[in-house]
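There are 2 protein chains.
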Amino acid sequence: MNGYRELSQQLGDLMALEEVLGLLQWDQEIVMPAGAIESRGRQVATLSVLQQERWCAPRLGELLGLLQSDETLDDVENANVREALREHNKAAKLPSDLVRRWGERTVAGHEIWVQARKAKDFSQFAPVLQELIDLSRQKAAILAPDQPAYDVLIDDFEPGMTMARLDKVFEPLKAFLIPLLAQVRQRQSQPGLPDIGFLTHPVPATQQREVGEKLVRTMGFDFERGRLDTSVHPFCGGAGPSDVRITTRYNENAWCQSLTAMIHETGHALYEQGRNLALANQPVSRARSMGVHESQSLLWEKQVGQSADFWRPRYAALQQDYTFLQQVPFDDFVYGVNYVDLNNFIRVEADELTYPLHVILRYELERDLISGALAVADLPAAWNQKMQHYLGITPPDDALGCLQDVHWSAGLFGYFPCYTLGALYAAQLFQTAVARTPGLLGDVQAGNLQPLLAWLRANIHQLGSQYLTDELITRATGRPLDPHAFIAYAGRKYRSLLRL
Amino acid sequence: MNGYRELSQQLGDLMALEEVLGLLQWDQEIVMPAGAIESRGRQVATLSVLQQERWCAPRLGELLGLLQSDETLDDVENANVREALREHNKAAKLPSDLVRRWGERTVAGHEIWVQARKAKDFSQFAPVLQELIDLSRQKAAILAPDQPAYDVLIDDFEPGMTMARLDKVFEPLKAFLIPLLAQVRQRQSQPGLPDIGFLTHPVPATQQREVGEKLVRTMGFDFERGRLDTSVHPFCGGAGPSDVRITTRYNENAWCQSLTAMIHETGHALYEQGRNLALANQPVSRARSMGVHESQSLLWEKQVGQSADFWRPRYAALQQDYTFLQQVPFDDFVYGVNYVDLNNFIRVEADELTYPLHVILRYELERDLISGALAVADLPAAWNQKMQHYLGITPPDDALGCLQDVHWSAGLFGYFPCYTLGALYAAQLFQTAVARTPGLLGDVQAGNLQPLLAWLRANIHQLGSQYLTDELITRATGRPLDPHAFIAYAGRKYRSLLRL
Chain D
18 MNGYRELSQQ LGDLMALEEV LGLLQWDQEI VMPAGAIESR GRQVATLSVL QQERWCAPRL
78 GELLGLLQSD ETLDDVENAN VREALREHNK AAKLPSDLVR RWGERTVAGH EIWVQARKAK
138 DFSQFAPVLQ ELIDLSRQKA AILAPDQPAY DVLIDDFEPG MTMARLDKVF EPLKAFLIPL
198 LAQVRQRQSQ PGLPDIGFLT HPVPATQQRE VGEKLVRTMG FDFERGRLDT SVHPFCGGAG
258 PSDVRITTRY NENAWCQSLT AMIHETGHAL YEQGRNLALA NQPVSRARSM GVHESQSLLW
318 EKQVGQSADF WRPRYAALQQ DYTFLQQVPF DDFVYGVNYV DLNNFIRVEA DELTYPLHVI
378 LRYELERDLI SGALAVADLP AAWNQKMQHY LGITPPDDAL GCLQDVHWSA GLFGYFPCYT
438 LGALYAAQLF QTAVARTPGL LGDVQAGNLQ PLLAWLRANI HQLGSQYLTD ELITRATGRP
498 LDPHAFIAYA GRKYRSLLRL
Chain G
18 MNGYRELSQQ LGDLMALEEV LGLLQWDQEI VMPAGAIESR GRQVATLSVL QQERWCAPRL
78 GELLGLLQSD ETLDDVENAN VREALREHNK AAKLPSDLVR RWGERTVAGH EIWVQARKAK
138 DFSQFAPVLQ ELIDLSRQKA AILAPDQPAY DVLIDDFEPG MTMARLDKVF EPLKAFLIPL
198 LAQVRQRQSQ PGLPDIGFLT HPVPATQQRE VGEKLVRTMG FDFERGRLDT SVHPFCGGAG
258 PSDVRITTRY NENAWCQSLT AMIHETGHAL YEQGRNLALA NQPVSRARSM GVHESQSLLW
318 EKQVGQSADF WRPRYAALQQ DYTFLQQVPF DDFVYGVNYV DLNNFIRVEA DELTYPLHVI
378 LRYELERDLI SGALAVADLP AAWNQKMQHY LGITPPDDAL GCLQDVHWSA GLFGYFPCYT
438 LGALYAAQLF QTAVARTPGL LGDVQAGNLQ PLLAWLRANI HQLGSQYLTD ELITRATGRP
498 LDPHAFIAYA GRKYRSLLRL
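Chains as they are written, first to last, in my numbering: chain D, 18 to 517; chain G, 18 to 517.
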């Protein structure tokens with residue numbers, strides 16, 4: 018058999034296993050009976066071991082070795098080999114006892130974290146956090162002994178990203194956001210801003226679902242190849258690009274949350290549904306990175322879904338559905354959906370301006386934990402100090418502070434920056450789409466989102482992992498990652514909203 | 018590592034794969050978006066190939082060979098080895114090109130059958146049926162060249178069963194049913210039987226679901242380890258004994274159908290939920306056979322769920338839910354739920370008396386197709402002739418005749434007999450449970466089903482595949498398969514119902 022064909026078959030099996038694991042996870046969250054948790058654990062473990070075995074199979078390595086220098090391959094095929102090689106190398110290099118220990122300690126870490134957070138007691142979590150840091154350093158040292166450990170870890174989520182580049186984009190962002198938030202705080206203490214009481218007007222879940230589903234359809238979500246369900250934490254999952262499943266949750270006293278979550282998850286879903294189906298069972302068709310994935314959800318949620326342009330053609334219909342909005346002027350509505358809450362400690366509840374600082378704080382702390390510059394015991398104090406410095410507030414306890422997120426308990430060091438990279442890419446992409454496509458903004462203003470989706474399909478979704486992130490973003494926007502698109506957008510938007 | 022422990026681990030992986038395949042199938046029927054059908058096909062194919070590879074892995078064969086003569090194993094362990102060996106041998110003996118060809122032709126066969134049935138044209142289906150018969154003969158010749166092909170095929174569904182034994186139980190059954198049905202026909206042409214109009218009184222699906230769910234709970238279905246959903250064809254599936262998922266369908270003009278289906282599928286589900294959880298990931302805990310599985314669904318559906326004893330303590334409550342039954346005397350109700358429809362051509366809609374003849378007819382035809390005694394071209398005529406002989410009716414076309422069932426299009430030769438074996442086992446088991454357990458029938462009559470479930474748990478469910486079918490049935494009932502329990506029961510019941 019032709020070597021590339023043999024490789025494609027093996028990778029097809031691996032992608033199918035990944036899809037099945039995605040389905041098992043969706044099932045567990047949405048429909049699985051509670052008593053099946055133990056057997057589900059065994060099923061997931063079996064498939065994960067099979068997946069790991071297949072990724073590091075010697076024959077796969079052999080094929081990848083041969084094909085790496087095969088000049089008859091085209092660009093897409095070369096990219097496919099490159100992406101497969103990345104995963105093969107990781108799988109093949111990591112010794113199985115480290116992988117097993119990692120699995121055990123992250124499961125234990127999660128349990129201990131749940132208890133520690135409940136008890137608001139960081140000292141309970143500290144020892145397992147230390148273990149996970151040590152294991153992460155070991156992992157990084159095996160994968161790339163000549164690189165800083167944190168750079169190796171971030172590669173799992175944002176291939177090619179480094180601390181040096183993160184610092185270069187996060188510093189100007191901090192320099193922009195910290196003083197802007199001080200201005201916001203001052204402005205909010207003065208009279209003359211709109212009343213946001215309408216945000217807590219009660220709306221039954223069934224009505225929220227109806228209104229949200231209409232919007233999800235308008236955005237282009239294909240219900241023939243996806244579903245919308247309810248879960249405790251909204252997510253986008255499923256079993257590959259033909260089976261994309263999004264979820265939301267309904268808080269009857271905060272109708273805007275379900276809507277925001279649906280728009281956000283639909284952003285992720287459009288990326289998945291927009292993958293090149295002809296290559297759907299090959300790594301090259303997969304989403305480029307966590308950061309690029311987040312750019313798609315945030316582009317729709319923030320750049321589009323919280324803009325006046327998006328809502329103006331829809332507001333009358335929304336007022337028909339939610340009659341209490343008939344008393345709310347359009348500008349007040351837009352102000353409300355973009356409300357900046359300066360007294361919030363929790364990342365997942367943060368608004369567009371404070372969110373990046375929550376992320377940068379975590380990035381700086383985890384970077385220093387991995388390098389050893391910050392001792393685990395000193396984490397709570399360092400957290401609180403940065404919160405005060407960046408956001409002007411100090412958490413009353415560690416549950417609202419350094420114990421709030423699940424990530425570290427799962428050993429996910431290097432994941433946090435992707436959230437804000439997503440926000441930055443989103444601003445770059447939306448500005449470019451508008452600037453380069455005559456009529457696109459007019460279409461959005463007229464309620465037609467299809468030209469925007471088409472642009473994203475062509476410039477991001479269909480390309481999958483064909484290009485490295487820098488090349489993808491440069492091809493799409495004319496320049497690599499650059500925080501100034503976000504800074505310009507956010508400055509303009511919030512100065513106007515807050516009448517600064 | 019200890020050989021038996023190594024075996025258990027490998028078998029645990031295989032059982033987990035089987036469970037995941039079960040989940041994929043459930044998902045496909047119940048929640049999967051339509052557009053995912055192609056990618057789902059790839060996922061199932063990948064897992065099936067992995068499963069096949071693992072079943073015929075040389076190391077598994079080696080372990081099984083060693084353990085087969087290991088005298089330190091206990092009875093359960095020996096049975097586990099025996100069950101695993103059966104599957105390993107089949108997987109290892111069948112050449113992969115035959116397996117692939119089988120997969121291709123059964124998929125094609127299904128498509129062609131759908132078309133042929135639609136067109137009521139057997140000639141469209143005949144060529145692929147011939148192919149599937151040829152492939153089945155090849156398969157049987159490879160697996161056991163010294164045995165009749167049909168005996169080898171039936172082993173997939175009812176291990177240990179043979180044509181010789183089937184003939185021995187089916188002949189007395191025919192000799193009992195054919196004249197009894199003639200009596201029924203005559204009786205039904207006379208006045209004095211109850212009106213069954215209440216069976217078609219409209220009931221909304223939501224109410225049917227409520228009423229059915231109460232009954233399912235009463236029977237002992239554990240919703241912590243299972244679900245009840247809606248599907249086109251009712252089934253019991255899921256992902257192992259901790260995740261048992263049953264379905265039903267709701268016909269608003271035939272409320273009894275959903276109830277019957279729920280009781281039937283709950284019978285299957287109780288078997289699965291009653292497996293020995295300590296061995297849940299080993300072959301020895303699996304249901305003994307298709308026939309024994311069907312015995313559990315039919316015991317609950319027919320022996321129990323269509324008996325006056327079962328309904329008497331429940332009838333007042335049912336009349337509260339379905340007020341139109343307040344006009345229906347209890348005896349008329351029982352007559353109605355057991356109504357014998359002598360003008361029905363369709364097996365899946367058949368009642369307790371005609372059903373076995375539908376099955377015996379198919380058994381005799383497929384047996385003769387496999388042996389060559391019946392040519393494919395002669396199947397429609399042979400079918401119609403037997404229908405006339407056994408049931409006194411002749412189908413107007415092949416869609417209502419030999420094209421009605423999906424089984425042959427999927428190459429499932431040897432499956433049909435299990436339905437009636439189930440009915441026979443069910444009668445034996447219920448009679449023994451009642452005879453050997455003082456108070457059990459009184460409890461059923463008082464509305465308490467737990468002692469019956471406990472008996473089934475101890476005598477069937479918990480034992481899984483530890484004993485071969487004959488030993489299982491003999492241990493439970495004091496004698497091996499014997500049609501006379503069913504004959505006695507059915508004769509008594511229907512003579513009384515029909516006032517013969």
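Keep in mind the hints are simulated off the structure, nothing from the lab. For glycine and all other residues, C-beta sits at the position ideal for the given N, C-alpha and C. Be aware that one or more of the hints could be misleading.
[To be verified] Cut-off 25 angstroms, straight-line C-alpha distance, at most; resulting in silico cross-link-like pairs (SDA-like, lysine to any residue):
hint: 1; chain 1: G; residue 1: Lys231; chain 2: D; residue 2: Lys510
hint: 2; chain 1: D; residue 1: Lys403; chain 2: D; residue 2: Lys231
hint: 3; chain 1: G; residue 1: Lys185; chain 2: G; residue 2: Gln207
hint: 4; chain 1: G; residue 1: Lys110; chain 2: D; residue 2: Lys403
hint: 5; chain 1: D; residue 1: Lys231; chain 2: G; residue 2: Pro50
hint: 6; chain 1: D; residue 1: Lys191; chain 2: D; residue 2: Arg453
hint: 7; chain 1: D; residue 1: Lys231; chain 2: G; residue 2: Leu67
hint: 8; chain 1: G; residue 1: Lys191; chain 2: G; residue 2: Ile47
hint: 9; chain 1: G; residue 1: Lys107; chain 2: D; residue 2: Val451
hint: 10; chain 1: D; residue 1: Lys137; chain 2: D; residue 2: Gly418
hint: 11; chain 1: D; residue 1: Lys137; chain 2: D; residue 2: Lys510
hint: 12; chain 1: G; residue 1: Lys191; chain 2: G; residue 2: Ala392
hint: 13; chain 1: G; residue 1: Lys231; chain 2: D; residue 2: Asp349
hint: 14; chain 1: G; residue 1: Lys231; chain 2: D; residue 2: Leu67
hint: 15; chain 1: D; residue 1: Lys231; chain 2: G; residue 2: Ala51
hint: 16; chain 1: D; residue 1: Lys107; chain 2: G; residue 2: Leu67
hint: 17; chain 1: D; residue 1: Lys137; chain 2: D; residue 2: Leu391
hint: 18; chain 1: D; residue 1: Lys110; chain 2: G; residue 2: Leu67
hint: 19; chain 1: D; residue 1: Lys135; chain 2: D; residue 2: Asp114
hint: 20; chain 1: D; residue 1: Lys135; chain 2: D; residue 2: Gln147
hint: 21; chain 1: D; residue 1: Lys231; chain 2: D; residue 2: Gly52
hint: 22; chain 1: D; residue 1: Lys110; chain 2: D; residue 2: Ala136
[Claimed, not checked] To give an idea of the chain D side of the interface with chain G (calculated C-beta under 7 angstroms), a few residues:
hint: 23; residue: Val37
hint: 24; residue: Gly39
hint: 25; residue: Gly120
hint: 26; residue: Arg244
Consistency of the hints with the structure:
no., hint, result
1, Lys231(G) <-> Lys510(D), "violated (57 angstroms)"
2, Lys403(D) <-> Lys231(D), "violated (41 angstroms)"
3, Lys185(G) <-> Gln207(G), "violated (35 angstroms)"
4, Lys110(G) <-> Lys403(D), "violated (67 angstroms)"
5, Lys231(D) <-> Pro50(G), "holds (18 angstroms)"
6, Lys191(D) <-> Arg453(D), "violated (29 angstroms)"
7, Lys231(D) <-> Leu67(G), "violated (41 angstroms)"
8, Lys191(G) <-> Ile47(G), "violated (39 angstroms)"
9, Lys107(G) <-> Val451(D), "violated (62 angstroms)"
10, Lys137(D) <-> Gly418(D), "holds (9 angstroms)"
11, Lys137(D) <-> Lys510(D), "violated (37 angstroms)"
12, Lys191(G) <-> Ala392(G), "holds (24 angstroms)"
13, Lys231(G) <-> Asp349(D), "violated (50 angstroms)"
14, Lys231(G) <-> Leu67(D), "violated (41 angstroms)"
15, Lys231(D) <-> Ala51(G), "holds (20 angstroms)"
16, Lys107(D) <-> Leu67(G), "holds (23 angstroms)"
17, Lys137(D) <-> Leu391(D), "holds (21 angstroms)"
18, Lys110(D) <-> Leu67(G), "holds (24 angstroms)"
19, Lys135(D) <-> Asp114(D), "violated (31 angstroms)"
20, Lys135(D) <-> Gln147(D), "holds (20 angstroms)"
21, Lys231(D) <-> Gly52(D), "violated (35 angstroms)"
22, Lys110(D) <-> Ala136(D), "violated (39 angstroms)"
23, Val37, "holds (5 angstroms)"
24, Gly39, "violated (10 angstroms)"
25, Gly120, "violated (16 angstroms)"
26, Arg244, "holds (6 angstroms)"
Hints 1, 2, 3, 4, 6, 7, 8, 9, 11, 13, 14, 19, 21, 22, 24 and 25 from the list above are not met by this structure, while the remaining hints are.
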